[in-house]
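Engineer: If you read the protein sequences in the order shown, they are chains V and C.
The first sequence lines up with residues 1 to 114 when you count with the working numbering.
The second sequence lines up with residues 1 to 113 when you count with the working numbering.
Don't take each hint at face value.
Okay, the calculated beta carbon distance ranges per label pair [as the list claims (entries may be wrong)]:
| no. | chain 1 | residue 1 | chain 2 | residue 2 | range |
| --- | --- | --- | --- | --- | --- |
| 1 | V | Ala53 | C | Met19 | 41 to 51 angstroms |
| 2 | V | Ser14 | C | Met41 | 24 to 34 angstroms |
| 3 | C | Arg44 | V | Glu15 | 32 to 42 angstroms |
| 4 | V | Pro114 | C | Thr20 | 37 to 47 angstroms |
| 5 | C | Gly40 | V | Asn22 | 10 to 20 angstroms |
| 6 | V | Thr28 | C | Gly40 | 20 to 30 angstroms |
| 7 | V | Thr28 | C | Ala52 | 19 to 29 angstroms |
Straight-line alpha carbon distances no greater than 25 angstroms define the calculated DSS-like cross-link-like pairs of lysine-lysine that follow [claimed, not checked]:
| no. | chain 1 | residue 1 | chain 2 | residue 2 |
| --- | --- | --- | --- | --- |
| 8 | C | Lys9 | V | Lys109 |
| 9 | V | Lys106 | C | Lys9 |
| 10 | V | Lys60 | V | Lys109 |
| 11 | V | Lys68 | V | Lys106 |
No wet-lab data here; the hints were simulated from the structure.
All residues carry an ideal CB built from backbone N, CA and C; glycine is no exception.
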Amino acid sequence: GNSVTQMEGPVTLSEEAFLTINCTYTATGYPSLFWYVQYPGEGLQLLLKATKADDKGSNKGFEATYRKETTSFHLEKGSVQVSDSAVYFCGTSYSGAGSYQLTFGKGTKLSVIP
Amino acid sequence: NAGVTQTPKFQVLKTGQSMTLQCAQDMNHEYMSWYRQDPGMGLRLIHYSVGAGITDQGEVPNGYNVSRSTTEDFPLRLLSAAPSQTSVYFCASSPVRQGYGYTFGSGTRLTVV
Numbered sequence: 001g002n003s004v005t006q007m008e009g010p011v012t013l014s015e016e017a018f019l020t021i022n023c024t025y026t027a028t029g030y031p032s033l034f035w036y037v038q039y040p041g042e043g044l045q046l047l048l049k050a051t052k053a054d055d056k057g058s059n060k061g062f063e064a065t066y067r068k069e070t071t072s073f074h075l076e077k078g079s080v081q082v083s084d085s086a087v088y089f090c091g092t093s094y095s096g097a098g099s100y101q102l103t104f105g106k107g108t109k110l111s112v113i114p
Numbered sequence: 001n002a003g004v005t006q007t008p009k010f011q012v013l014k015t016g017q018s019m020t021l022q023c024a025q026d027m028n029h030e031y032m033s034w035y036r037q038d039p040g041m042g043l044r045l046i047h048y049s050v051g052a053g054i055t056d057q058g059e060v061p062n063g064y065n066v067s068r069s070t071t072e073d074f075p076l077r078l079l080s081a082a083p084s085q086t087s088v089y090f091c092a093s094s095p096v097r098q099g100y101g102y103t104f105g106s107g108t109r110l111t112v113v
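The following block holds chain V by itself, in its conformation from the complex:
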């Protein structure tokens, strides 16, 4: 089955710093790739996605590019804010034989300090 390895945290950055959270995956076929964000006390929200190689997903200043050659989908943001403090999950989808599942990494906790 699919698997996801993402950068272990916690990650602490100062406001306006550059953020990279690494994510690599193993999958059969052509999966879709996702980043989810979980704010304290809340459920997971879809942050961005990419459905084919070289696609770039973007939202709220965050970006990630689907790199099939390196099986990666690293999350980046040029200037983080305190409000970006959350846990970030990378995910890859499997679809086939009438089934559909997302496999998630273990999450990376980001804390942004003023």
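Chain C: place on chain V using the hints.
Structural biologist: Just chain C now, with coordinates in the frame of chain V:
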């Protein structure tokens, strides 16, 4: 559009008690699933369903039952609660098609004493 609704938001159970966590979605999604989230463990899949009348086990199914009698509802039953089931539980739904992510509920925080 309510999305995915989970009830209750908080629950305390005594060891050995049973209960049902409710999950409902109004998006006509075929796929629904239950995850538990524990510190340092990420999200672990308990059970999932690809449509009414069809369910299957995930990574950690022991101690939990599910059924799917309608497209909208996917309840999770704890048969005899144990302290090891103390966790935050999330329900998620999705179309069964590539390129669609999950929509998650806001979670149920369960404590078993």
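Engineer: Does each hint hold? Answer for all of them.
Structural biologist: Evaluated hints:
1. Against the hinted window of 41 to 51 angstroms, the Cβ-Cβ separation of V:Ala53 and C:Met19 comes to about 45 angstroms, which satisfies the hint.
2. Distance hint for V:Ser14 and C:Met41: a CB-CB separation of about 29 angstroms, consistent with the stated range 24 to 34 angstroms.
3. Taking the beta carbon of each, C:Arg44 and V:Glu15 are about 33 angstroms apart, inside 32 to 42 angstroms as hinted.
4. Judged by the Cβ atoms, the range 37 to 47 angstroms given for V:Pro114 and C:Thr20 holds: they are separated by roughly 44 angstroms.
5. Between C:Gly40 and V:Asn22, the C-beta spacing of about 18 angstroms keeps the proposed range 10 to 20 angstroms intact.
6. For the hinted restraint 20 to 30 angstroms between V:Thr28 and C:Gly40, the CB-CB distance of approximately 28 angstroms keeps it satisfied.
7. Checked against the hint of 19 to 29 angstroms, the C-beta distance between V:Thr28 and C:Ala52 comes to roughly 28 angstroms, which is consistent with it.
8. Of the pairs offered as hints, the one joining C:Lys9 and V:Lys109 holds, with about 23 angstroms between alpha carbons and a cut-off of 25 angstroms not exceeded.
9. Between the alpha carbons of V:Lys106 and C:Lys9 the distance comes to roughly 23 angstroms, so the proposed pair stays at or under 25 angstroms and holds.
10. The straight-line distance between the Cα atoms of V:Lys60 and V:Lys109 is roughly 18 angstroms, inside the 25 angstroms bound, and the hint therefore holds.
11. For the hint linking V:Lys68 to V:Lys106, the alpha-carbon distance of about 21 angstroms falls within 25 angstroms, and the restraint holds.
This entry satisfies every hint, going by the numbered hints stated previously.
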